[in-house]
Amino acid sequence: MSVRFLAAFALACWLPVAALAQGFGGLGTTSEGYAVPSPDGTISFPADHAAHPDYRIEWWYVTANMTGPDGTPYGLQWTLFRSAFRPDGKPGSQFWMGHAAVTTPDKHFVAERRARGGIGQADVDVEPFNAFIDDWALKADEGRDIDRVSMAASGADFAFYVKLIAQGPLVLQGINGYSRKSESGTASYYYSQPAYALKGTLKLPSGDVAVTGSAWLDREWSSQPLSGGQRGWDWFSLSFEDGHKMMAFQLREAEGKSFTSATWITPQGDPTPIDNGELQLEPLAISDVGGRDVPTSWRLRLPSRDVDVTVEALNTQAWMATSIPYWEGPVTVSGNRKGRGYLEMTGYDRPDG
Amino acid sequence: MRGFQSALSALLSHWRRRPGQFVTLVLGLSLATALWTAVQAINSEARSSYDRAANQVAGADRATLEKADGGAISMGDFVRLRRAGWLVTTVLEGRLQRGRVIIRIVGIDPLTSSAGPLNFEGGSAETPYEIQDFIGQNGLALAAPETIAELDGVPNLPRLIPQEGLPPRTLTVDIAAAQALLQRPDAVSRLVLLDPQPVGAAPLGDIAPDLTRVEPQTGQDLARLTDSFHLNLTAFGLLTFAVGLFIVHGTIGLAFEQRRVMFRTLRVLGVSLKQLVVALVVELAALAVLAGTVGVLLGSVLATLLLPNVADTLRDLYGAQVSGSLGWRADWWASGIAIALLGTAIAAAGSLWRIRSMPILASAQPRAWAMVSSKTLVMQAVSGFVFLGLAAVLLGLASGIVAAFIIIALVLVGSALLLPPLANRLLDFGQSLARRAGAGATAQWFWADTRQQIPGLSLALMALLLALAANIGVGTMVGSFRTTFVGWLDQRLAAEFYVNARDGQQGEKLKIWLQTRTDAVLPIVETEATLDGRKGAIFGVANHATYRDNWPLLERTPQVWDEVARGEGLLVNEQFARRSGLSLGDEISAAGLPPTPIAGVYSDYGNPAPQVMVGLSKFSALFPNIPQQRFGVRVPPERVEALKNEISAEFGIEERSMIDQSAIKDLSLSVFERTFRVTDALNVLTLAVAGFAIFTSLLTLATMRVPQLAPVWALGLTQRRLAALELARTAILALVTVVLAVPVGLALAWLLLAVLNVEAFGWRIPMQVFVGDWLRLGLLALLAALLAAAIPARRMAAMAPADLVKVFSHER
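Here the protein sequences come in this chain order: A and B.
The opening residue of the first sequence carries number 1 in my numbering; numbering runs sequentially from there.
The opening residue of the second sequence carries number 1 in my numbering; numbering runs sequentially from there.
Hint data in this document are derived by calculation from the structure and do not stem from the laboratory.
Check each hint, because a few of them may be wrong.
[Stated by the list, open to error] If the Cβ cut is set under 8 Å, some of the chain A residues that face chain B in the computed set are:
| hint | residue |
| --- | --- |
| 1 | Y34 |
| 2 | I119 |
| 3 | G120 |
| 4 | A156 |
[Claimed, not checked] Chain A regions said to be covered by chain B (calculated; three or more residues, Cβ under 8 Å):
| hint | region |
| --- | --- |
| 5 | 123-137 |
| 6 | 299-306 |
| 7 | 338-348 |
Backbone N, C-alpha and C fix where the C-beta goes; we use that ideal spot for every residue, glycine too.
In isolation and in its complexed conformation, chain A is listed as follows (with noise of 0.2 Å):
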């Protein structure tokens, strides 16, 4: 989860970037009319992995990490965002944004779509499995549902074709699928599967490389998943070397501590939740972006976990030009537990953001 939120919700309100980057102040209560997640709430596949256009936003996110031939490491997005700006649940009342990235260690390859709904340009299927916008697909392959997909988009300078193949379970994020995002009760539904196996090509500039991986995506919907002053995300996704998985964010506060929130994985795909305060983030290093501060490496502690490591990017550069900008890019991890995964910021679109 994470910027996501910013990423929809400013589709949904389409507010200048500015705006977002000032605070999200009267954002959390204009849900009005939505449905809003519930801790009694269930969440059921196939049918969750299908829109919910009663609630205000959602997206479907994929993130993966992967290695080409000589060993060079790559990262790649593929995201699906939904977000309904009346809350009469039809499909014309829905816009539809992609985002696609492809980042190497010197490069960064950004694409984005947009649609409306209800013409067919851009939709999420079940039985079978097909989440579309243009020709970007995350579509279930013959016969099988989101355990076994193949995933493409392109944009005008790269594309990528890849095959995922679910190793474990589909994991319930928060307590079964509620997801607090702030210590006011804002939340979402979330659900990820954090373990595909990833095969395929990136076409580049440089010519096709075929890569393997791993690869995690992120089902989130939700109508108030913020609180006001909270000022942009911290996410992680990072998957050690010993099979552990964490989900780990914070929500900077304007003012006051940030609010805290992680999963942990077992190989097994057992998720435990941690709780607000539990996780620790620092960060120690600040890149320059094109003019922007953003902090491009983190000291990351979990102690109940043993969890005391260092995650920097692959290439700092990673910044998303999209309608709704942010960072989105590979990490590699060290410390005491060795691994890789993703790291998405938002809110640092202004230097004082």
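Knowing the structure of chain A, use the given hints to seat chain B on it.
Here is chain B on its own, set in the frame of chain A:
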């Protein structure tokens, strides 16, 4: 240095003593600059508006996809292409009639209209809105503030949000809103290809074999048409500047002559020639900059007054969108001042040269300033004929707009040069007539003295000639246009009213329903087509007496309508025929249209695009996918209203989908009238400037003529009589100029109609002559000349006899 300063202050003191002359000089130069600037300002504003419009009208400058068979594109096509990886966006354009107001609707999809981040600019602090307010059937509309003011009170429009810089009388709305407003559900005018396309999309031919890629036209037609309009204006600008130049030349010449004594004194006092010349140049440059500044200001006021007309004209005639308001531009500031400096330099060059070559102790007596020898007259006549000869040669050899303009310029300059010798000849003739008729000495003196004035007045008279010729020429052109156009409209809009069905299905029903209730139902079907490499249209025409009797054919085979009805021949519009050099019998083909010979050429004024007409049955066979939705309906005029109500009740077709002929005619005519209002305004101004030129010249002559008149007065003619004779003399000179201006004006009209127009527009308008207009113009010119002469004449009548006597005692 001190010499220079004293020389300069001495020179400037002249203007203090003669404020009237100063005002004349500055005013003349300012007027010339103002006219020039106004035209430049209008031109540059209009041009930049096209650029803006081209950028704003989504896809005007980008490649588009269109159905190969000319059929309509649907939202389904759009989605199919997007799903196949092609970055395309939708545009739906149409016109919406609300009462008598016609609004252009441009439907866009802001979500897909760019490949990069969303660049949708949302509102302002005063009128905030969000993109979801824009998207959807009931979305708001963006419009220029002046458009919103214009549409005040017009019902059934979306919420209007002002946005600067949008084309006039245009609403930019969401594609879904456009489909709803225009009642064209699911319709898309064109799919615009974005740049850059993503990598790896399948070839277009595999995804959508029924779509063809059409490269951007980059508004070439538009550019050509509007260019011609601007060329027209530029010609006026140059003409008026030339007229202004005559004035400046006159006043500067006068200022030099009157200060000869001063020049000599300065030189004798030790001011070097170089210092004197530099001082004069500095003085003139300062005057030019002053007058240029005033002129640019006047010109921009003028442009502001005229621009709304220009904007309307260009929009209605060619569909070009020009903002009705004027920006402030450095380029025409610069060009205005530059032209004032240049004009002054040209006007002063001769005088300065004379000062340079003047012996230090040359007689300070002013030469008979404008005295011109017969040698000069011969020179003028010869060069005049050379210019006219060159024009004739060019006319025979060259083609193109530029050539047409050069020809016009040659004719005008040549005619102006011929004016003094011809006028001299005419007056000579008058004099010999007077002598033969045994007129008295006074009459003979009158004729001789009038001839004597020609050199001094020649520049002013040339200016008057050019102004009159321009007036006659443009007046003839406009009149010919108008007569032809009105007649053509009557022919072309033969049906009493026109109705648009919602779709082909409703069209079928409507046609059957109408057949039993009206005299005739004439389906109007069309499809876009590429004709000889240019975007045009193919029409289907019913086999009916309405066309046989009325359609304006310029060329035809004897059995033209039968051939068209049988599908053995087709009709092309005049511009297509001219541009592609087609004549009867030539075969035309296009996508979907097999080669068919031309059976007729019809006039199609105001339309820049090529057109072809085939018989209705042939059209249906060739383009079966084009439904019959539009109909011309023949019905007695008094039945029109009732029938409209019945159609509306029976089919639910709204009033705005039914347009009656009289409304179209009114609209077309009002468009036409506006077209030439600008021309009219410039005409009047040119004439005013020419009148001013006469005034200043006469004023100059008046003081110099005292010595010539004094002896006549001494011989017994009263001052009153002399003044009356002065008036008569001016009247005769003006009359001679008017008479000579008529052929020049007609030549100009012919060049505009038969040469320039054909080059620029592709159609030729038969020239018609309006003698009444000449008479009116002649009287006006006479009046202007008399007004100009009145003040000098009054002065003559009121001059103290002592001043006249002084002539004999004075050195001068």
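Structure-inconsistent hints, enumerated in ascending order: 1, 6, 7
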